[in-house]
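S.K.: Listed below, chain by chain, are the residues.
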Amino acid sequence: MELVVQYSLYIISMVCIFVPFFGFGMAPPTVITAAVGVFAGNAYSLIVQQGIIKNFIKDNKDGGKSSPLIPVLEEAQKAIDAIENPGLAMKNDHHGEGHNEHGEHHIIPISVYVGVLLILLLGTVITVAVAQVDFGAMNTVIAMLVATIKAGFVLAFFMHLKYDNLLNRVIFGSGFFFLMLLIAFSAADIFTRASVVKSF
Amino acid sequence: MSIVKTEDGHFHHAHHFNSLNHQYDSAKQGVWLFMVTEILMFGGLFVAYLIYKSIYAPIFHVGSSYLDVKMGSINTIVLISSSFTMALGIYYNQKNKPKQAIIALVLTILCALTFMVIKYFEYSHKIHLGLVPGKYFSNPEFQQKVADFVNAMPIENITPALSDVEHLKKIAPLYFGFYFVMTGLHGFHVIIGACLIAWVTIKTANNQFGAEYYTPVEGVGLFWHIVDLIWIYLFPLLYLVG
Amino acid sequence: MSNVTHATHTATENDNYLNHEKGIWSWLSTVDHKRIAIMYMVSILTFFLIGGIFALLVRGALFNSGENKFWSYITPDVYNQFMSYHGIIMVFMVIVPGIPAIFGNFLLPVMLGAKDVAFPRLNLASYYIYLLGAAIAASTLFLGKIDTGWTFYTPYSIKTSTSVVLAVLGAFTMGMASILTGLNFIVTTHKLRAPGQTMNKIPLFVWAIYATSIIQILATPVLGITLLLIGAERTLGVGIFDPNLGGDPVLFQHFFWFYSHPAVYIMILPAMGIVSELISTFSRKTIFGYTAIAYSSLAIAAVSFLVWGHHMFVSGQSEFAGILFSVITMLVGVPTAIKLFNWISTMYRGSVRLDTPMLYAIGFLFLFTIGGLTGVWLASTGMDVHFHDTYFVVAHFHYVMVGGVLMAFTGGIFFWFPKFFGKMASDTLGRISWVFVFTGFNVTFFPQFILGAMGMPRRYFEYHPAYEPLNQISTVGSWLIGFGFLVALVAIIHGLLAGEKAGANPWGSKTLEWQTSSPPPHDNFPITPTVTAGPYEYR
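Protein chains in written order, with this note's numbering: chain A, 1 to 200; chain B, 201 to 442; chain C, 443 to 981.
Honestly, the hints are just simulated from the structure, not real lab data. If you're wondering where the values come from, they're calculated on a predicted model, not measured in any experiment. Among the hints, a few may not be true.
[To be verified] In the DSS-like style, the derived pairs of lysine-lysine whose C-alpha atoms are separated by at most 30 angstroms in a straight line are:
id	chain 1	residue 1	chain 2	residue 2
1	B	Lys-345	B	Lys-295
2	B	Lys-369	B	Lys-319
3	B	Lys-326	B	Lys-297
4	C	Lys-643	C	Lys-464
5	B	Lys-299	B	Lys-326
6	C	Lys-643	A	Lys-78
7	C	Lys-727	A	Lys-54
8	C	Lys-952	C	Lys-727
9	B	Lys-403	B	Lys-369
10	C	Lys-601	C	Lys-511
11	C	Lys-601	C	Lys-587
12	B	Lys-326	C	Lys-727
13	A	Lys-162	B	Lys-403
14	C	Lys-601	C	Lys-464
15	B	Lys-319	B	Lys-345
16	C	Lys-601	B	Lys-370
17	C	Lys-601	C	Lys-952
18	B	Lys-335	C	Lys-601
19	A	Lys-162	B	Lys-299
20	C	Lys-643	A	Lys-58
21	C	Lys-511	C	Lys-943
22	B	Lys-335	C	Lys-464
23	C	Lys-727	C	Lys-865
24	B	Lys-370	B	Lys-270
25	A	Lys-162	B	Lys-297
26	A	Lys-162	B	Lys-370
27	B	Lys-369	C	Lys-727
28	B	Lys-369	B	Lys-335
29	B	Lys-335	B	Lys-319
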């Protein structure tokens, strides 16, 4: 029952958010995509949280009607574990802590750091070089693009995000996302000051 | 201190955590959350800068020609290298090699100081020329250059915002307002970062870290990399794209 | 820190966080989240008293329509100062920190079965940073004062000779404290849950604080930079918001409201969390639609970032932006309404007991609904053109902030009083306070809806005599509210001094904090609990 309420909520809010932006033409496909995406994401997090696949494997490991499925599900569970806990066992802290007591932290070798340093220095050269060419209105966009690639390397390797757990990536990404919201809506105001909306 | 190194060289975690790992993960998450706030704070400045740049493009174009690209590039290289040495500082702590860690961290501080010295030269040059934010601005040559640039623009590119050349001359110091606030706030964070790095260097020298516990170094490292990150965006926007 | 002799400490029956260590220094240097919560409570209630006095001064000044006020000291400038301080104190010092700092700090770890928040020393630092910010802001009272209103709109805030720089510095510092508290709570919720407690088993109060903390992390930095820019504008003449120097005052408003609108959700979400707890406990029934309420909290947090322009419909914002913000603002009422219907459904066929906390919760339902609905009217651009900057807006936000947040806050104080102090507060005095607060509130603010519809502008020192009768009713109402809160204060003090001893669970609630003694021991639980059931399983 609660699932029905939940999904109806999703669909209603998707409709309400996307219709004003995309109009009634584009909205249905966007809404359906978004709703399906949300459904998939939710189902995934339910599986992870309640260990549905793990429990199924446990209950059915000793043969029976579902045994051909077991290897497939085991692979799926391994993939999920890899996504959820790439480096450290965040969720296992309450149970398997003896195993992790002395910290199996992933250490990036110096060679990788040196490589990233060289890429960043090269990136700086590219940044300055590209700035000498005038792309007109695209100047800022291209400069930001190069900067973002450099930033990506700093984040992934110097700041260890590539080997960190998903949540820290989500946390950082959300910061950028909300910054984009600030830019988008302020720009939506400032650059439409002159236009008058005649009618719908 | 919640982390206590006992005589046998082991670390004990704070009592409300389950293990050292638990504490490390939580601390890291806390630092990342704080970095989000730094991004949003500087981000506000970037938003304002981008908006004004598109409205008053000539002012920003002429203004950025007054910035020394060479000094800016050197500063960029200095900061990127300092990010590298900071990562090394963490690495050597992870490997239980405090002596190399100290060298790496001291190099990072030296890079930070180099950055501030170069910044000092840039600032003093501008202050000398009177290219400072609004109230104290005194460089009519800059204002005239802006006017000349606008007058030379083809007529179809003159938006309503750019039509009053006298007004544009009056508001031209806006560019240096942005320059000083953005680089100033960034420079302030460089100084804070240098102090934090000095703090962890001292703790490393006192053998307070090891492969089991180096969380403060990593936390400071994350902060320092964010400072570098912000400069990676600041440099092209201010110095190059005008 | 002493890690030893936990066993002997918790073995003594009367050992709790209050008598764990003695002496004022043990309080000032504590890292125990419960003691920090009590210190916040003392500070916040003090600031509430001061902000309330400013409110009474404002309403007193508005009793007479002309220039002759009850106190000759009140000139137009002084009136502006009174209303500015009322706003700044209530917003930054009382309501934004209010529930998270007091109830969040005390209850979040206990509800999660944890021993403390994730970063206890940071918690203490947050408290001192908050006090520092409050001190900086309060210093303006003795220097140049503030008359810009709590919103610091440019260009006036750049030109006025009052102590704007100090005020914005104070607000910036308090924002810093807010960020650090939010950060602490997010990591605590992620990392310190008891064994068996998944995110689907945490109480709704925790969900509310969690959603609030997310807003705090994402929105407050933008306020920070905005305030810094005001300072830069005043000291250096940067020119970013001053039209004379090429700036755009509306951009200030964009930046300011990008924080301040999510800020009002920072205020209301924890209040809704408290209401969830109160309603399920005093209906002795599982909360209806736990998942819906939890996700609605997150949805409100997310959508709150998309609506800030509804404060700027008549400020010179473009028409397109106005339409955009108007539509999305209508949306934000949807998750709120879902919560409201769920609370009512919880009470339906429940075993309702009208103790003081429940009276405040029901008061919340009624008053917040009015406030919320009038918000939808204000969301419509067409109507807002008439209502903006009138008393209609003033009534709207007081209905949600006082009728909403303060009702939940007071209900929470009475509800968790036995848990905090081990004694029962007087229920009779509590009910009396409720009668005066609820009645007084409506007498004060309902006429203001009418005044606003009649066109009376807000932040005006003198007004047309036709508005006088309703203003006078409103002022009398403010005296009733003041009296009501005084009675509540007496109830609390009486409870502290002479309240009857409370057991671990005087209200029969099912959440984790009631499964430990009142007051809780230093480490919250004698042994770490394992959670097997949901938080509201009453049957």
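S.K.: None of the hints should be skipped; say for each whether it holds.
M.R.: Results of checking the hints against the structure:
About 57 angstroms separates the Cα atoms of B:Lys-345 and B:Lys-295, which puts this hinted pair outside 30 angstroms; it is violated. Of the pairs offered as hints, the one joining B:Lys-369 and B:Lys-319 holds, with about 27 angstroms between alpha carbons and a cut-off of 30 angstroms not exceeded. For the suggested pair B:Lys-326 and B:Lys-297, the alpha carbons sit about 44 angstroms apart, so the restraint of at most 30 angstroms is broken. Between C:Lys-643 and C:Lys-464 the alpha-carbon distance is near 36 angstroms, which puts this suggested pair outside the 30 angstroms criterion.
For the proposed pair B:Lys-299 and B:Lys-326, the alpha carbon gap of about 41 angstroms is over 30 angstroms, so the pair is violated. As the CA atoms of C:Lys-643 and A:Lys-78 are separated by approximately 26 angstroms, the hinted pair is consistent with the 30 angstroms bound. Only pairs whose Cα atoms come within 30 angstroms are accepted, and C:Lys-727 paired with A:Lys-54 is rejected, the gap being roughly 33 angstroms. Proposed proximity of C:Lys-952 and C:Lys-727 is supported: the alpha carbons are some 10 angstroms apart, at most 30 angstroms.
For the proposed pair B:Lys-403 and B:Lys-369, the alpha carbon gap of about 53 angstroms is over 30 angstroms, so the pair is violated. At roughly 27 angstroms between alpha-carbon atoms, C:Lys-601 and C:Lys-511 fall within 30 angstroms of each other, so this suggested pair holds. Taking the CA atoms of C:Lys-601 and C:Lys-587, the gap is near 14 angstroms; set against the 30 angstroms cutoff, the hint holds. Taking the CA atoms of B:Lys-326 and C:Lys-727, the gap is about 70 angstroms. The hint is violated against a cut of 30 angstroms.
At most 30 angstroms may separate the alpha-carbon atoms for a hinted pair to count; A:Lys-162 and B:Lys-403 meet this at roughly 28 angstroms. With a CA separation close to 51 angstroms, the supplied pair C:Lys-601 and C:Lys-464 exceeds the 30 angstroms bound. Proximity of B:Lys-319 to B:Lys-345 is assessed by CA-CA distance (about 25 angstroms); at most 30 angstroms being required, the pair is judged to hold. Pair hint C:Lys-601 plus B:Lys-370 holds up; C-alpha atoms about 18 angstroms apart against a cutoff of 30 angstroms.
Straight-line distance between C-alpha atoms of C:Lys-601 and C:Lys-952 comes to about 56 angstroms, which puts the hinted pair past the 30 angstroms bound. Straight-line distance between C-alpha atoms of B:Lys-335 and C:Lys-601 comes to about 13 angstroms, which keeps the hinted pair within the 30 angstroms bound. Restraint check: the Cα-Cα separation between A:Lys-162 and B:Lys-299 comes to about 28 angstroms, which is no more than 30 angstroms; the hinted pair holds. Straight-line distance between C-alpha atoms of C:Lys-643 and A:Lys-58 comes to about 24 angstroms, which keeps the hinted pair within the 30 angstroms bound.
Between C:Lys-511 and C:Lys-943 the alpha-carbon distance is near 48 angstroms, which puts this suggested pair outside the 30 angstroms criterion. For a cut-off of 30 angstroms, the pair hint linking B:Lys-335 to C:Lys-464 is broken: about 55 angstroms separates their Cα positions. With a C-alpha separation of about 25 angstroms, the suggested pairing of C:Lys-727 with C:Lys-865 holds against the 30 angstroms cut-off. Distance restraint check for B:Lys-370 and B:Lys-270: the Cα-Cα separation of roughly 29 angstroms lies within the 30 angstroms cut-off, and the hinted pair is therefore satisfied.
For the proposed pair A:Lys-162 and B:Lys-297, the alpha carbon gap of about 24 angstroms is at most 30 angstroms, so the pair holds. Proximity of A:Lys-162 to B:Lys-370 is assessed by CA-CA distance (about 49 angstroms); at most 30 angstroms being required, the pair is judged violated. Straight-line distance between C-alpha atoms of B:Lys-369 and C:Lys-727 comes to about 70 angstroms, which puts the hinted pair past the 30 angstroms bound. In summary, the hint linking B:Lys-369 to B:Lys-335 is supported, as the alpha carbons are separated by about 14 angstroms, within the 30 angstroms threshold.
Of the supplied pair hints, the one linking B:Lys-335 and B:Lys-319 holds, its CA atoms being roughly 22 angstroms apart against a limit of 30 angstroms.
The structure is inconsistent with the numbered hints 1, 3, 4, 5, 7, 9, 12, 14, 17, 21, 22, 26 and 27, although it conforms to all the rest.
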